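Novice: Assemble chains A and V with the ligands onto chain W, guided by the hints.
Protein chains in written order, with my numbering: chain W, 1 to 96; chain A, 1 to 315; chain V, 1 to 252.
If you are wondering where the hints come from, they were derived from the structure by calculation, not from laboratory data.
Owing to the predicted nature of the structure, the values given are computational and were not obtained by experimental measurement.
The hints are all genuine.
Calculated lysine-lysine pairs in the DSSO-like style (CA-CA distance at most 30 Å, straight line):
1) A:LYS218 x W:LYS23
2) A:LYS308 x V:LYS201
3) W:LYS23 x A:LYS159
4) A:LYS292 x V:LYS135
5) A:LYS313 x V:LYS135
6) V:LYS129 x A:LYS159
7) W:LYS23 x V:LYS135
8) V:LYS220 x V:LYS79
9) A:LYS35 x A:LYS218
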Amino acid sequence: MSKSKGWPLWEVFIRSKQGLNHKHVGSLRASDATMAIKNARDVYTRRAEGISIWVVPSNNITASDPNNEDSLFEPSQSKVYRHPTFYDVPDGISHM
Amino acid sequence: MMDVDIQDLEKKFQDKIDQDIKIEPNDWMPDAYRKTLIRQISQHAHSEVVGMLPEGNWITRAPNLRRKAVLLAKVQDEAGHGLYLYSAAETLGADREQTIDDLHSGKAKYSSIFNYPTLSWADMGAIGWLVDGAAIMNQVPLCRCSYGPYARAMIRVCKEESFHQRQGFEIMTKLASGTAEQKEMAQDALNRFWWPALMMFGPIDSDSSHTEQSMRWKIKRHTNDELRQMFVDVTVPQAESIGLTVPDQDIKWNKSKEGYDYGPIDWDEFWQVVGGNGPCNKERVDARRKAKEDGKWVVEAAMAFADKRNAKKTA
Amino acid sequence: MKEKQTLYKYLLRMGDDSLILGQRLSELCGHGPILEEDIALTNISLDLIGQATLLLEYAGELAPEKKTNDELAYLRIEKEYVNALLVEQPNGHFGDTIMRQFLFDAYRKPLLEKLLDSSDKRLAGIAEKALKETKYHLRHSSEWVIRLGDGTEESHNKIQNSLESLLRYAHELFFENEVDELLIAQGIVPSAKSIFPIWEKTLHAVFEEATLSLPKNNWKFQGGREGRHSEHMGYLLAEMQYMQRTYPNMEW
Ligand SMILES: [Fe+2]
Ligand SMILES: [Fe+2]
Ligand SMILES: [Fe+2]
Numbered sequence: 001m002s003k004s005k006g007w008p009l010w011e012v013f014i015r016s017k018q019g020l021n022h023k024h025v026g027s028l029r030a031s032d033a034t035m036a037i038k039n040a041r042d043v044y045t046r047r048a049e050g051i052s053i054w055v056v057p058s059n060n061i062t063a064s065d066p067n068n069e070d071s072l073f074e075p076s077q078s079k080v081y082r083h084p085t086f087y088d089v090p091d092g093i094s095h096m
Numbered sequence: 001m002m003d004v005d006i007q008d009l010e011k012k013f014q015d016k017i018d019q020d021i022k023i024e025p026n027d028w029m030p031d032a033y034r035k036t037l038i039r040q041i042s043q044h045a046h047s048e049v050v051g052m053l054p055e056g057n058w059i060t061r062a063p064n065l066r067r068k069a070v071l072l073a074k075v076q077d078e079a080g081h082g083l084y085l086y087s088a089a090e091t092l093g094a095d096r097e098q099t100i101d102d103l104h105s106g107k108a109k110y111s112s113i114f115n116y117p118t119l120s121w122a123d124m125g126a127i128g129w130l131v132d133g134a135a136i137m138n139q140v141p142l143c144r145c146s147y148g149p150y151a152r153a154m155i156r157v158c159k160e161e162s163f164h165q166r167q168g169f170e171i172m173t174k175l176a177s178g179t180a181e182q183k184e185m186a187q188d189a190l191n192r193f194w195w196p197a198l199m200m201f202g203p204i205d206s207d208s209s210h211t212e213q214s215m216r217w218k219i220k221r222h223t224n225d226e227l228r229q230m231f232v233d234v235t236v237p238q239a240e241s242i243g244l245t246v247p248d249q250d251i252k253w254n255k256s257k258e259g260y261d262y263g264p265i266d267w268d269e270f271w272q273v274v275g276g277n278g279p280c281n282k283e284r285v286d287a288r289r290k291a292k293e294d295g296k297w298v299v300e301a302a303m304a305f306a307d308k309r310n311a312k313k314t315a
Numbered sequence: 001m002k003e004k005q006t007l008y009k010y011l012l013r014m015g016d017d018s019l020i021l022g023q024r025l026s027e028l029c030g031h032g033p034i035l036e037e038d039i040a041l042t043n044i045s046l047d048l049i050g051q052a053t054l055l056l057e058y059a060g061e062l063a064p065e066k067k068t069n070d071e072l073a074y075l076r077i078e079k080e081y082v083n084a085l086l087v088e089q090p091n092g093h094f095g096d097t098i099m100r101q102f103l104f105d106a107y108r109k110p111l112l113e114k115l116l117d118s119s120d121k122r123l124a125g126i127a128e129k130a131l132k133e134t135k136y137h138l139r140h141s142s143e144w145v146i147r148l149g150d151g152t153e154e155s156h157n158k159i160q161n162s163l164e165s166l167l168r169y170a171h172e173l174f175f176e177n178e179v180d181e182l183l184i185a186q187g188i189v190p191s192a193k194s195i196f197p198i199w200e201k202t203l204h205a206v207f208e209e210a211t212l213s214l215p216k217n218n219w220k221f222q223g224g225r226e227g228r229h230s231e232h233m234g235y236l237l238a239e240m241q242y243m244q245r246t247y248p249n250m251e252w
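Okay, chain W solo, but in the shape it has when bound:
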């Protein structure tokens, strides 16, 4: 059993359309890989956001260390949580 009281954590990567990379979209809990894929489909593609899903146990991801002297104050190089395309406010958000 993992140290957490619940199911292990998985990172989810989704390819939104042919020709694009899989992109990290978030995480979820699942007891095994099959369930993780299934849950990812339900949680992260409810609006047809993807055509392909990867799931990786979060504890199998090694991230680079932003505290290395040189890069100490650089933006994080962590592969896990980078979402460079995510910064503009989406369409359709106004008063309603």
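Specialist: For chains A and V with the ligands alone, coordinates are given in the frame of chain W:
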């Protein structure tokens, strides 16, 4: 670490924030920043999940097939929002199950609005229109929040929220233009949800303990009163346009401030509900606790199964 | 004319199965054992309500007096509903919910597969859409049956009990009468008999992996297809029809 180092780190941290550079999970951050975020994100996550209950109360009684499907999809989205947010909190080291247990033990808070009962179908309209509307008001600025995973979760959430408010307003519109009975139902729902919706923005600025620091850290972009004013300004004309009346005699357009004046909010009621004395506080937390307790054997079984299969694979 | 009426009756069965099972699952929204599963069950519920919408819409057009899908869904009396008894059974614990779903999905999937070849193009079209969803439902429910069956001792006993109590309702899914006869002859629907062995095969395969055993008691309840329901049905309808009955003739 030495004090000087910490001071130095804090300064660099604040510089980054001032330059609108996002903070990511592995970056150095002040303890207080981490704690504030964990509290805010997990409260938000709890609100999404507890928020499923008042509307869930009407799914089985939705008046037609289309409404049933829409409401199901809407409430399901809220579960998704809860999940995105728990994920964001986990990047700060907040274990989801532990966070949830804090909700169940009463240690963690969630939005008070969900402690009000849903008494008629019109409440589905009022909640979508007012409660999701107020939530959007709160959340759109959070899409630019300084903490990367939170900002990204909020962008996903906000994209999905716009349909929530619209389906609620559609329900209200339909009722307001329906029979006398339906119109009365709609007005009654507006009467009950108006003030609690205004309270969703939190205490008035002078009583809000975290605002200043949170604004400096850019995990909050507007004060409670600013957001509340924005909400009143867009919502009052919406009510008028469908022939409903906001239950506040003091509502009046104020030309000089280019906004509506509104009457005093009953903050006693607000603090009572926050403190546990709302009409449904106990029911809401009990329902969530029961779901977890009833599901415990399921969670354990799935884990036991996975362990068995893994053992077989490695054997 | 006769053919239309007959197809109407058949569509009601399928539509009611979807509607009532979708209604049952919708009770769980917000109460699932874990957030991810809450979302999954709600997805299945949504799919089923969507299927009911299409099936009852088509049925309504063939009805003796034209009806909308909402009228059919909300304004019939209990004995006019022809869903199988299985789908109206209460949610019980998660194992009951999953077993009910599995027994149904294992029947629904081959039925829809065969309906792809229906000489009725509209029905074939509905089946095509529903099949995509149902394949996923069956995967979901069978995986859970296996997990629970081969999980802990507690989960094994629980799901074994679910099987004992629910299997008695499942055989009714293969009910046939003169409705089927006529539609089979026209190539509109497959015979339930042709689906049964596929269903059985799925059960055997999944139960073997789940280490579950088929109950010794093989009693077979039936009645739902002929409008004779269990005690649970009245409450389900009272809740589902509440708005339409309390506020008749209004739009929502
Ligand atoms: Fe939400
Ligand atoms: Fe929200
Ligand atoms: Fe929402």
